[in-house]
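**Q** The residues making up each chain are set out below.
Number of protein chains: 2
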Amino acid sequence: MNQTDRHAENAKVLLKDLRGSIDNIDAALVHMLAERFRSTQKVGELKALHGLPPADPEREKTQIKRLRDLARDANLDPDFAEKFLNFIIVEVIRHHDAIAAKAADQS
Amino acid sequence: MNQTDRHAENAKVLLKDLRGSIDNIDAALVHMLAERFRSTQKVGELKALHGLPPADPEREKTQIKRLRDLARDANLDPDFAEKFLNFIIVEVIRHHDAIAAKAADQS
Chain A
1152 MNQTDRHAEN AKVLLKDLRG SIDNIDAALV HMLAERFRST QKVGELKALH
1202 GLPPADPERE KTQIKRLRDL ARDANLDPDF AEKFLNFIIV EVIRHHDAIA
1252 AKAADQS
Chain B
1152 MNQTDRHAEN AKVLLKDLRG SIDNIDAALV HMLAERFRST QKVGELKALH
1202 GLPPADPERE KTQIKRLRDL ARDANLDPDF AEKFLNFIIV EVIRHHDAIA
1252 AKAADQS
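As they're listed, the protein sequences go chains A and B. Per this note's numbering, residue 1152 is the first one in the first sequence, and the count goes up by one each step. Per this note's numbering, residue 1152 is the first one in the second sequence, and the count goes up by one each step.
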């Protein structure tokens, strides 16, 4: 095996190792997201029961500020963290609207 | 305090409790994402060093299938899990392109 082949071989081993970490992290992310939606599902039911609006701009503002700060500390792009939270909130509001619609149907 | 007030008070306590869990989960998500980008950063550097393309459709196909299965087991919408992975991959490819451009500048 010449040096170029050896480098390519090393790169393959390293890539496989990094992908193993990424796959583990992705499994953790999916499970954390599943748990997060369990909580927001309960929030949605509570809001529907008490006729509260699905979105809560004040709460969202606090969450965004907090996540941006956490991201900065963890060396993650704060803009990406904010985009990520918005991406999740869109899904949560979609769930809450569905819960509210179901509650209205049943009342 | 009448019964309606008591119910509203209970709802407030429950909502605060649920939001405490959501905030903890979000902090965990931000830290997992930061760690994920540390790994993909290394993948990007490795790919740039060996002239490999930033995107890898075969790997992505395997990741999507795996995450959809994990999501199903965790009672998370598999379509959402796939959208989530795509959302992250867009960011990763943006990073990889930046690394490749920097490597090309330096060579």
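Note that these hints are calculated values from the structure, not bench results. Some hints here could point you the wrong way.
The list makes no distinction among identical chains, and a pair is therefore deemed to hold if it is satisfied within one copy or across any two copies.
[Unchecked claim] With a straight-line Cα cutoff of 30 Å, these simulated DSSO-like cross-link-like pairs (lysine-lysine) come out:
(1) LYS1193 <-> LYS1253
(2) LYS1167 <-> LYS1193
(3) LYS1167 <-> LYS1216
**Q** With reference to the structure, classify each hint as holding or not holding.
**A** So, going through the hints one by one against the coordinates:
1. LYS1193 <-> LYS1253: For LYS1193 and LYS1253, only the intra-copy Cα distance (14 Å) is at most 30 Å; the inter-copy one is 47 Å.
2. LYS1167 <-> LYS1193: Result: close only across copies, 12 Å inter versus 40 Å intra.
3. LYS1167 <-> LYS1216: Intra 36 Å, inter 18 Å, cutoff 30 Å: inter-copy only.
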